[in-house]
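Protein chains: 4
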Amino acid sequence: MSQIEHATYGYVREKEALINRLHRIEGQVRGIERMVEEERYCIDILTQVSAVTTALDSLGLKILGDHVNSCVAHAFASGDEEAAAEKSRELLAAVERFTKTR
Amino acid sequence: MSQIEHATYGYVREKEALINRLHRIEGQVRGIERMVEEERYCIDILTQVSAVTTALDSLGLKILGDHVNSCVAHAFASGDEEAAAEKSRELLAAVERFTKTR
Amino acid sequence: MSQIEHATYGYVREKEALINRLHRIEGQVRGIERMVEEERYCIDILTQVSAVTTALDSLGLKILGDHVNSCVAHAFASGDEEAAAEKSRELLAAVERFTKTR
Amino acid sequence: MSQIEHATYGYVREKEALINRLHRIEGQVRGIERMVEEERYCIDILTQVSAVTTALDSLGLKILGDHVNSCVAHAFASGDEEAAAEKSRELLAAVERFTKTR
Numbered sequence: 040m041s042q043i044e045h046a047t048y049g050y051v052r053e054k055e056a057l058i059n060r061l062h063r064i065e066g067q068v069r070g071i072e073r074m075v076e077e078e079r080y081c082i083d084i085l086t087q088v089s090a091v092t093t094a095l096d097s098l099g100l101k102i103l104g105d106h107v108n109s110c111v112a113h114a115f116a117s118g119d120e121e122a123a124a125e126k127s128r129e130l131l132a133a134v135e136r137f138t139k140t141r
Numbered sequence: 040m041s042q043i044e045h046a047t048y049g050y051v052r053e054k055e056a057l058i059n060r061l062h063r064i065e066g067q068v069r070g071i072e073r074m075v076e077e078e079r080y081c082i083d084i085l086t087q088v089s090a091v092t093t094a095l096d097s098l099g100l101k102i103l104g105d106h107v108n109s110c111v112a113h114a115f116a117s118g119d120e121e122a123a124a125e126k127s128r129e130l131l132a133a134v135e136r137f138t139k140t141r
Numbered sequence: 040m041s042q043i044e045h046a047t048y049g050y051v052r053e054k055e056a057l058i059n060r061l062h063r064i065e066g067q068v069r070g071i072e073r074m075v076e077e078e079r080y081c082i083d084i085l086t087q088v089s090a091v092t093t094a095l096d097s098l099g100l101k102i103l104g105d106h107v108n109s110c111v112a113h114a115f116a117s118g119d120e121e122a123a124a125e126k127s128r129e130l131l132a133a134v135e136r137f138t139k140t141r
Numbered sequence: 040m041s042q043i044e045h046a047t048y049g050y051v052r053e054k055e056a057l058i059n060r061l062h063r064i065e066g067q068v069r070g071i072e073r074m075v076e077e078e079r080y081c082i083d084i085l086t087q088v089s090a091v092t093t094a095l096d097s098l099g100l101k102i103l104g105d106h107v108n109s110c111v112a113h114a115f116a117s118g119d120e121e122a123a124a125e126k127s128r129e130l131l132a133a134v135e136r137f138t139k140t141r
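Residue numbers (my numbering), protein chains in the order written: chain P, 40 to 141; chain L, 40 to 141; chain G, 40 to 141; chain B, 40 to 141.
Hint data in this document are derived by calculation from the structure and do not stem from the laboratory.
Since the list can't tell identical chains apart, any single copy or any two copies may satisfy a pair.
Below, a list of computed lysine-lysine pairs in the BS3-like style, where the Cα atoms sit at most 30 Å apart:
1. K54 x K101
2. K139 x K54
3. K139 x K101
Let the sequences and hints guide you as you build the complete structure.
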């Protein structure tokens with residue numbers, strides 16, 4: 040895809056914020072590695088694992104929202120039925136992966 | 040807790056394998072950062088986010104299994120009812136966090 | 040809303056199939072009641088509970104898909120930005136409830 | 040299994056409460072059928088579907104908790120290692136089904 044189309048990806052407007060969030064998540068994963076290294080209590084490790092999945096789910100929903108409001112909105116508004124059907128299929132597959140209902 | 044009690048944590052026996060898995064997950068998160076940096080397609084980013092949550096869920100279940108087979112088993116076998124009740128409460132709270140059914 | 044607008048709800052086209060699926064789910068729940076009544080083994084009951092949630096998740100995704108392809112598609116194609124923003128907000132809230140990421 | 044063993048299933052003590060909860064869930068499913076029949080708004084139907092899965096998850100966790108505190112506790116306390124291993128395997132499989140991390 041061209042740079043111009045790239046510019047329409049919803050999340051790009053808040054790229055820095057997303058990278059910061061991912062950076063924090065990366066740090067959280069590194070923290071869990073340290074906990075395992077230091078042989079910390081299983082339940083405390085599990086609490087951290089759940090915190091990371093929650094952070095990732097929330098980040099995923101943010102990107103999904105931006106996707107709906109940009110790519111999906113654009114495809115549906117374009118009048119190009121095939122493009123709209125494709126975006127809709129992709130969106131629903133993403134939601135399925137999210138909800139682990141494959 | 041003493042080092043001796045630490046040694047009973049189920050996951051400790053496979054510490055290296057767990058750290059390797061966490062290290063791979065850390066790399067996956069860094070990969071997502073790069074995808075956002077390079078303004079890759081939203082759906083491809085979401086696919087990677089789902090892959091990381093799946094990897095974390097699977098790691099969490101591994102640690103939970105080790106926990107049941109060591110700490111919980113030990114508490115129930117000890118005859119110490121209070122310790123057993125405490126382990127059971129902790130376990131169920133961990134499962135709740137896991138299933139996001141708080 | 041008018042009957043005419045109702046007619047645009049995506050799922051209405053397959054109303055009978057959906058009602059049949061819900062009817063089967065209702066029967067499954069009644070089956071679990073019977074299992075509890077007969078004091079069946081906990082794990083067997085839990086397996087049935089999971090089967091019902093899976094069936095409901097799958098039904099929900101079906102309705103969500105129909106919703107995207109009808110109501111959301113329609114709002115985005117209408118050029119009415121407020122209607123589109125409203126549909127998008129609703130859709131994302133539904134996905135959040137689905138993924139229990141409130 | 041004998042009636043005597045049945046009596047040890049944790050949930051049996053609150054059988055009536057569980058059946059009442061299941062009965063309410065059954066009613067909720069029937070309510071969704073009616074909503075589809077009356078061609079109600081997709082998002083309102085989805086909200087009800089999510090309410091039912093949440094109710095089922097919560098019921099499942101209740102039964103799981105009772106199971107841990109009775110069957111699993113009993114097996115671990117019995118000193119029968121094979122029985123304990125079997126209960127542990129079953130428990131973790133149930134948690135996996137719950138978290139859809141099969």
